[in-house]
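Asks: One-letter residues, chain by chain:
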Amino acid sequence: MNIKENIKTIIIKKPLKLDCGKIINNFPLAYETYGSLNAKKSNAILVCHALTGDQFVTGLNPITKKDGWWSYAVGPNKSIDTNKYFVICANVIGGCMGSFGPSHINPETKKIFGTDFPVITINDIVNAQVNLLDHFGIKQLFSVVGGSMGGMQVLQFVSNFPEKTKTAVPIACTSSHSAQNIAFNELGRQAITADHNWSDGKYTSKNNVPEKGLAVARMAAHITYLSKKGLQEKFGRKLQERDDLKFGFDADFQIESYLRYQGSVFVDRFDANSYLYITRAMDYFDLVKQFNGNLSNAFKNTKAKFFVISFTSDWLYPTQENKDIVIALNAIGTDVGFVEIESDKGHDSFLLDVPDFLKTLKNFLDKSYIE
Amino acid sequence: MKPEYKIIMNMINEKSRVLDVGCDDGILMEFLKQNKNVDIRGIEISKEKVQTCISKGLTVIEGNAELDLKQFPNKSFDYVVLGQTLQAFVNPEIVIKELLRVGEKAIVTIPNFGHWKVRLNLLIKGTMPVTKTLPNKWYNTPNIHMCTIKDFFKFSETFNFKIFKSLALINRKVSNINYSNLFIKNLFSELGIFLIEKSDEN
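Chains as they are written, first to last, in numbering that gives the first Met the number 0: chain B, 0 to 370; chain D, 0 to 201.
By construction, these hints were calculated from the structure, which means they are not laboratory data.
Any given hint could turn out to be false.
Distance condition first, Cα-Cα at most 25 Å in a straight line; then the derived SDA-like pairs of lysine to any residue [unchecked claim]: (1) B/Lys40 / B/Gly136; (2) B/Lys21 / B/Lys302; (3) D/Lys55 / B/Thr311; (4) D/Lys46 / B/Ser367; (5) D/Lys46 / B/Trp314; (6) B/Lys366 / D/Asn36; (7) D/Lys55 / B/Pro354; (8) D/Lys14 / B/Glu162; (9) B/Lys322 / D/Lys55; (10) B/Lys302 / B/Asn37; (11) D/Lys48 / B/Lys299; (12) B/Lys302 / D/Pro128; (13) B/Lys299 / D/Gln70; (14) B/Lys302 / B/Val129; (15) B/Lys165 / D/Lys55; (16) B/Lys201 / B/Ala178; (17) D/Lys46 / B/Asp355.
If you anchor each label on the Cβ, the simulated ranges turn out as follows [unchecked claim]: (18) B/Leu351 / D/Lys55: 19 to 29 Å; (19) D/Pro141 / B/Lys233: 28 to 38 Å; (20) D/Ser174 / B/Lys288: 56 to 66 Å; (21) D/Pro72 / B/Asp18: 39 to 49 Å; (22) B/Leu351 / D/Ile143: 44 to 54 Å; (23) B/Lys228 / D/Tyr178: 36 to 46 Å; (24) D/Leu66 / B/Asn25: 24 to 34 Å; (25) B/Cys19 / D/Lys74: 39 to 49 Å; (26) B/Leu186 / D/Met8: 52 to 62 Å; (27) D/Leu66 / B/Glu107: 48 to 58 Å; (28) B/Gly235 / D/Asn63: 32 to 42 Å.
Every residue gets a Cβ at the ideal spot worked out from N, C-alpha and C, and that includes glycine.
Take the sequences, apply the hints, and build the full model.
Replies: Structure representation (structure tokens):
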């Protein structure tokens, strides 16, 4: 993944103090935009990507040559209508699509950071990407929108910059990463670090990639993005290109083959160390604790209008965790709407063609938008 | 639009904070927004109806009044409206208490089971009444706690809340209900509309 000339980047000169205590400056932040900014600069939407997403929200991703991760929701006449809105998305710091991350060169040692890269948090990610608003001269966003880890960034963004957005749409997320969430992330990290090729994070200098470990991490995570019912309906016990069981450990079942495929394509586009860093950022996310056990306090200074969305079959960030956000907002009289969308596509519902979701997101944005 | 919406509107002050419990497809919310410039929120149990409300630009949360009113602080609204759904709750007394905790005042409307047609229906036919305001059969009705206007008066005494205003809707005409005309109003009203408030001693 060296062909990155299609990536737009700004260099952030202003020092950023990370939660771990380290200060970073002169670091790159990669981003992409869609649509155009109006004269009043009032139509900007910051989209925050999830764990394995990147700034290439929609259309063809120039690096992977695949459709952007939110092509169903973002584009002309879609839920986030790029004919109308100016969409900005930044690659998170710690990521591997051009923003400052563990695959970059450490200026002090002139070597690739690897695990010498500082541990970052959702707070750090948000504090880095707010620089894009200054870059475009945007005082206030029309909206900040994101699902999963993107939703956590939405919450943190509004908390950190209460006046910088008119509306906020956290989708399928949580205000505090649960033990189960952390457990699954740890499983992924262990798979990576247990791969001999990981070499304490120094695999690049050895011209290696911990492919097996990263693929297993992706496979395990992928299961958590789907629902039992969805899996059963799509795969059941169907066999993979064979009439009968082979009494071996090849992929007899379609679900095995599917997961192996998901793992194998993932290693081509994602960096193993980035996976460690970003999952860590998610695990450290606890907005409730940050505000001493009272989530409402995170939002007490904002006038933003919220719309929280969850999905019936999402067991990774279940409705109750989304509802806790709604409850905290209602407790302080914030303007908040909430709906749980019926879908059997699990946590991934927000990325997929779920018409009720896409329609409702569009309705909320379009009805809230005043030029 | 339901005939009682105008009556409800007249009970509500300009620019007040209103919560519509069981806001359905948001028609009352829109009406109050347009005519009284209120800051209005809704709570609705049906996903489809929540989505309809969102498509109208209304702030609505999906939820169940019996479980989800508790997230609102005391007196966070000037008015809480409960339109024709009190009889559908498992615990109407808890709902009323919650309405009066969350709102300074509450506006409650009830389909009157004391209406003469309902009484006659049961008396003559001997079957559970089906009328214009109560169109369901006994087995598919959401109304599990039907009451009459007189029952609501008694309810207010038992649970110690004040009825500020009580209005009867008879053939789209509005009239006051008081203890002296209660017998007649309970016989002829299709709907009772009550503006209520927590008693001071509560």
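Asks: Between D/Pro72 and B/Asp18, is the Cβ distance one that fits in 39 to 49 Å?
Replies: Between D/Pro72 and B/Asp18, where Cβ atoms are some 32 Å apart, the hint is violated.
Asks: Starting from the hint 52 to 62 Å, judge whether the C-beta atoms of B/Leu186 and D/Met8 obey it.
Replies: For B/Leu186 and D/Met8 the Cβ distance comes to about 57 Å; the hint holds.
Asks: Holds or violated: are the alpha carbons of B/Lys299 and D/Gln70 at most 25 Å from each other?
Replies: Holds: B/Lys299 and D/Gln70 sit about 16 Å apart, inside 25 Å.
Asks: So if I understand the rule, the pair passes when the alpha-carbon distance is 25 Å or less; does D/Lys46 with B/Trp314 pass?
Replies: 19 Å, holds
Asks: Does the hinted range 39 to 49 Å hold for B/Cys19 and D/Lys74 at CB?
Replies: 44 Å, holds
Asks: Within a Cα-Cα threshold of 25 Å, do B/Lys201 and B/Ala178 meet the stated pairing?
Replies: Violated, at about 29 Å.
Asks: Hinted pair, alpha-carbon criterion (25 Å max): D/Lys55, B/Thr311. Please report holds or violated.
Replies: Given pair D/Lys55, B/Thr311 holds - Cα atoms ~23 Å apart, limit 25 Å.
Asks: Cβ-Cβ distance between D/Leu66 and B/Asn25: within 24 to 34 Å?
Replies: The hinted range 24 to 34 Å is violated for D/Leu66 and B/Asn25, with Cβ atoms some 52 Å apart.
Asks: Indicate whether the distance between the beta carbons of B/Leu351 and D/Lys55 respects the range 19 to 29 Å.
Replies: 26 Å, holds
Asks: A range of 56 to 66 Å was offered for this pair. Does it hold for the Cβ distance of D/Ser174 and B/Lys288?
Replies: 57 Å, holds
Asks: CA of B/Lys322 to CA of D/Lys55, is that 25 Å or under?
Replies: This hinted pair holds, its Cα atoms lying about 22 Å apart.
Asks: Assess, step by step, whether the Cα of D/Lys14 is no farther than 25 Å from the Cα of B/Glu162, and give holds or violated.
Replies: The hint holds at about 24 Å.
When each numbered hint is compared with the structure, violations occur for hints 2, 11, 12, 16, 21, 22, 23 and 24.
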